[in-house]
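Two chains, two frames, a set of hints: combine them into the complex.
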Amino acid sequence: MHKTPLLDQLESGPFPSFVKDLKRLAPTKPAVNDLLGQLERSYKEKITHWKHGGIVGVLGYGSGIIGRYSDLPDEFPGLEHFHTMRINHPSAWFYTTQALRELFDIWDEHGSGLLNMHGATGDIIFLGTRTEELEPAFQKLTAKGWDIGGSGSAMRSPSCCCGPARCEWSCYDTLEACYQLTQEFQFDLHRPSYPYKYKLKFSGCPNDCVAAVARADMSMIGVWKDDIRIDQSAVEAYMGGELKPKGGGANVDKLDVQADVVDLCPTQCMWLEGKTLKINNRECNHCMHCINMMPQALRPGTDVGCTVLLGSHAPILEGAQMSWVIVPFMRMEEPFDELKELTSNITEWWAEHGKNRERVGELIMRLGMRAFLEAVGLPPVPQTVKTPRANPFFFWHKSDFEAEDAGRKYHTTK
Amino acid sequence: MALPKEELVEFIYKLVEAAQGKKQLKAKDLEKMVLKEHPDQPKNDVKYAIKDLIDSGRCVYTYFGGSFVEIPHVEGAAKH
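Heads up: the protein sequence lines correspond to chains C and B, in order. All residue numbers for the first sequence refer to the numbering used here, where the first residue is 1 and numbers rise by one. All residue numbers for the second sequence refer to the numbering used here, where the first residue is 1 and numbers rise by one.
Derived from the structure by calculation, the hints contain no laboratory data. All of these numbers come straight from a predicted model, not from anything done at the bench. Misleading hints may appear alongside valid ones.
[To be verified] Label pairs and their in silico Cβ distance ranges: (1) C:G377 x B:P42: 16 to 24 Å; (2) B:E75 x C:P382: 50 to 58 Å; (3) B:P42 x C:P30: 46 to 54 Å; (4) B:K14 x C:P328: 43 to 51 Å; (5) C:P335 x B:K14: 36 to 44 Å; (6) C:M1 x B:K14: 50 to 58 Å; (7) B:A2 x C:C167: 45 to 53 Å.
[As the list claims (entries may be wrong)] Straight-line C-alpha distance at most 20 Å; calculated DMTMM-like pairs for lysine to aspartate or glutamate: (8) B:K43 x C:D208; (9) B:K32 x C:E352; (10) B:K26 x C:D108; (11) B:K51 x C:D147; (12) B:K47 x C:E176; (13) B:K26 x B:E37; (14) B:K26 x C:E362; (15) C:K140 x B:D55; (16) C:K244 x C:D256; (17) C:K278 x C:E352; (18) B:K47 x B:E75; (19) B:K47 x C:D263; (20) B:K43 x C:E352; (21) B:K32 x C:E358; (22) C:K355 x B:E70; (23) B:K51 x B:E17; (24) B:K23 x C:E358; (25) C:K51 x B:E75; (26) C:K3 x C:E45; (27) B:K43 x C:E348; (28) C:K355 x B:D29; (29) B:K36 x C:D231; (30) C:K246 x C:D208; (31) C:K29 x C:D147; (32) C:K278 x C:D208; (33) B:K32 x B:D45; (34) B:K22 x B:E75; (35) B:K26 x C:E358; (36) B:K22 x B:D55; (37) C:K44 x C:D71.
Every residue, glycine too, gets a C-beta built ideally from N, C-alpha and C.
Pulled out of the complex, with its shape left as it was, chain B reads as follows (with noise of 0.2 Å):
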């Protein structure tokens, strides 16, 4: 069943959160998890939470040869 919008934005931290450290995710990774959950859960949807996410600061853009969404960290290579 699809989630509310703000159910979908929880689910979608946690699945942030729990890859933290261990893999990296793109946004389209995160959409392809939830429609593994939620089979009919709008395209959109995800593409908005991520937005709501990245708006909050609770999450971040992050490049590292590739765009990814994680939780906002010390910058590695601004440390000396």
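Okay, chain C solo, but in the shape it has when bound (with noise of 0.2 Å):
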């Protein structure tokens, strides 16, 4: 076993350590051993020892393999080759626990054992093995019904929350739309075809429990376009503090529904009429507040679809975006055939005008989005704005300037 003094100071913590978990698999498997003995010899140097990418992979796909190799090979003979395999999870990361062991008794055959649950795109991350395990590992995935997953300049795996499965919040099926667009888009995500990653990440309600405003190219988050359903006399529970606020996972035990409802509204769409809560819907932009205080009294309601956002990444030299609303609402049923064609629209306009690695929201900040509105079809709506007076984006044509001319007036209803 290497020595390693400073990884040894990670389990002194008061959290689980990964160190405590290397060690335990360390003597069954070399590389682990190797892993720690690198990883010991980084931290006193203060730099890296892997070396990235490559052309390492299985027939057919160009995503799912990311090479890794140790620059340290006779030193951690281990971690010659030490490949990572995304293998794509199932909607809102649902398993049996047969087939978690499924999972684990391949990686124990043909990998480290080591992996990860789950990356930040969503996958399970296998974590360590040889160039020619990656085919047997492969076929043995296939045969029992799991594919890898997106990597590199390619659709990466979709994912989403739990939506309707658990919660009762969700404003469409969350698992279903994952699944549909996760089996539309195999092509683009096994065969790197874009300039760079694209990731879809489907939320049930404006909570956004997968952060895919911040997270995902592509966002669905759930939304509802008519009013809040309100049950009064649990509201009224609630002020008499028989009910408990956040399904008992506030500090507090008595919710002071003024205070801490109301007055929070960013809207100032509610107020109490003696012990009547009362909501002005049409000014309600769908924080989710007063329904996460009060869940058995609020609800969304039942006119339900998505909003659709475009543009999220986290690049190092601009600082991260978050995405930007391109569609305000649409209606998720199966088989999601409008979502389906917006998304292969997006994707199509990308791959023609956007540069090698460059994220399709930093091609619209660079192309602006009236050029996107125009080439997906897209009609440009106030939602769409996202700091009034600097992007309205309004298209100007010659035909617009003939017609105002012409006496043509803009606070029409069309």
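Laid out in structure tokens, this is it:
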């Protein structure tokens, strides 16, 4: 066993340490022992000893395998090859114990036994194997119905929140949407043909439990168009302390509806009339605060769908960008044809115009939202304006000036 | 004029072969190069021609900060 005085310190803290896990595996897996040794050395020298990328993969696919090699193979022979495999996860990460055992048995046989549940995109990450083990591992995975996920300049494995499986607020079936889009874009997931990565994430409500707005190039966030449903008797029960705020998850036992809910509404669209809660739904921006505080009294409406947002990414030079609304409301019903078509139109435009390693959000920043909307055939709508007066992207055509000269008014209802 | 499938596969292979060691080509670069010579070639044909090359092992996808289509070669990073 390699000596690891620096890594040992990580075991002394109050939280579970990966070092402990690695040490448990090291006696049976020489690669893991070498991993501890190389990591200790990196901690001492403050540089990485990994080389990344290359040509490794499985036949027919360009995604899902990330080549990784040590630059100290003589010293740490177990790390001469230490490739990563990304395995496409099931929607919302629901597994049976049998499925998990299948995966772990395959990885125990063909890899280091180390894995990460889950990577940032959502995939199951198998860490560390040799080139000659990739194809047998892949064959065994596919024989059991698994497939490897996306990596490189490709569609990445879509992911979603648990949606209607466990959450009453979900405005559409996130699991089905995620599954259907994963199937639809299989070609682009396995055969990189984009300028860079493209991530899809599905959240069932504006709480956005998978943080789609910040982490996905394209986010589908559940939303409702009608009124928040109110149970006034439950509102009274919250006022009287019979119901605990946040389903018992708050740090107070009794909710002050005026101070904790009404006064904190960002658009001030609600008020109390005695013990009756009133909401001006036209002004509601679906922040979910009131619903989160009083889940038994308030629920999302029933006219449901999703808002489609585009463009978040975290580039090093310009800083992180959040996604931008491109479709304020889209009905989300099987087979999700509207969403599939929109996704294809967007990726087609981006693949045509994007530079190498340019995310779709960066391309929109470079060419403008106007060019984007025109290319994918989306109408400009007020909700698309991220910053008033900065990006109204009105499409001025010659015909507009002529119509203006002829006396056209702009406050039409069309 | 659009090329029949076998000729398209060979056309793309020659593009990749000519660029090997000089320029790394993405799948989209290949599509643009094909369409420049054969503007009426359906884009889907190019997509599946690249798939044929990859499935047969004549070309491979590589990752060097982006994903490219190349002729199989010795893995540089694997060398000591």
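Tested hints:
In this structure the supplied range 16 to 24 Å holds for C:G377 paired with B:P42, their Cβ-Cβ distance being about 21 Å. Our hint of 50 to 58 Å for B:E75 and C:P382 holds, since their Cβ atoms are close to 53 Å apart. The hinted range of 46 to 54 Å is satisfied by B:P42 and C:P30, whose Cβ atoms lie roughly 52 Å apart. Our hint of 43 to 51 Å for B:K14 and C:P328 holds, since their Cβ atoms are close to 48 Å apart.
For C:P335 and B:K14, the Cβ-Cβ distance of about 40 Å falls inside the hinted range of 36 to 44 Å, so the restraint holds. Between C:M1 and B:K14, the C-beta spacing of about 54 Å keeps the proposed range 50 to 58 Å intact. Remark: the range hint 45 to 53 Å for B:A2 to C:C167 is upheld by a beta-carbon distance near 50 Å. For the hint linking B:K43 to C:D208, the alpha-carbon distance of about 36 Å lies beyond 20 Å, and the restraint is violated.
The suggested pairing of B:K32 with C:E352 holds, with an alpha-carbon distance near 9 Å, which does not exceed 20 Å. Proximity of B:K26 to C:D108 is assessed by CA-CA distance (about 35 Å); at most 20 Å being required, the pair is judged violated. Our distance criterion of 20 Å between C-alpha atoms is met by B:K51 and C:D147, whose separation comes to about 18 Å. For the hint linking B:K47 to C:E176, the alpha-carbon distance of about 27 Å lies beyond 20 Å, and the restraint is violated.
Distance restraint check for B:K26 and B:E37: the Cα-Cα separation of roughly 17 Å lies within the 20 Å cut-off, and the hinted pair is therefore satisfied. Restraint check for B:K26 and C:E362: satisfied, since their Cα atoms lie roughly 19 Å apart, inside the 20 Å limit. With a C-alpha separation of about 19 Å, the suggested pair C:K140 and B:D55 falls inside the 20 Å cut-off, and the hint holds. The hinted pair formed by C:K244 and C:D256 meets the criterion: a straight-line CA distance of about 11 Å does not exceed 20 Å.
With a C-alpha separation of about 50 Å, the suggested pairing of C:K278 with C:E352 is violated against the 20 Å cut-off. For a cut-off of 20 Å, the pair hint linking B:K47 to B:E75 is broken: about 25 Å separates their Cα positions. Restraint check: the Cα-Cα separation between B:K47 and C:D263 comes to about 56 Å, which exceeds 20 Å; the hinted pair is violated. Taking the CA atoms of B:K43 and C:E352, the gap is near 11 Å; set against the 20 Å cutoff, the hint holds.
At most 20 Å may separate the alpha-carbon atoms for a hinted pair to count; B:K32 and C:E358 meet this at roughly 18 Å. Distance restraint check for C:K355 and B:E70: the Cα-Cα separation of roughly 19 Å lies within the 20 Å cut-off, and the hinted pair is therefore satisfied. About 16 Å separates the Cα atoms of B:K51 and B:E17, which keeps this hinted pair within 20 Å; it holds. With a C-alpha separation of about 18 Å, the suggested pairing of B:K23 with C:E358 holds against the 20 Å cut-off.
The suggested pairing of C:K51 with B:E75 holds, with an alpha-carbon distance near 12 Å, which does not exceed 20 Å. Only pairs whose Cα atoms come within 20 Å are accepted, and C:K3 paired with C:E45 is accepted, the gap being roughly 15 Å. Annotation: proposed proximity of B:K43 to C:E348 holds, straight-line Cα distance about 11 Å (limit 20 Å). In summary, the hint linking C:K355 to B:D29 is supported, as the alpha carbons are separated by about 11 Å, within the 20 Å threshold.
Simply put, B:K36 and C:D231 have alpha-carbon atoms about 64 Å apart, too far for the 20 Å limit, and the pair is violated. With a CA separation close to 17 Å, the supplied pair C:K246 and C:D208 stays within the 20 Å bound. For a cut-off of 20 Å, the pair hint linking C:K29 to C:D147 is broken: about 25 Å separates their Cα positions. Taking the CA atoms of C:K278 and C:D208, the gap is about 25 Å. The hint is violated against a cut of 20 Å.
This hinted pair checks out: B:K32 and B:D45 have alpha carbons roughly 12 Å apart, not beyond 20 Å. Distance restraint check for B:K22 and B:E75: the Cα-Cα separation of roughly 17 Å lies within the 20 Å cut-off, and the hinted pair is therefore satisfied. A distance of roughly 13 Å separates the Cα atoms of B:K26 and C:E358; the hinted pair therefore holds under the 20 Å criterion. Pair hint B:K22 plus B:D55 does not hold up; C-alpha atoms about 24 Å apart against a cutoff of 20 Å.
Of the supplied pair hints, the one linking C:K44 and C:D71 holds, its CA atoms being roughly 16 Å apart against a limit of 20 Å.
In terms of the numbered hints stated before, the structure departs from hints 8, 10, 12, 17, 18, 19, 29, 31, 32 and 36, listed from lowest to highest.
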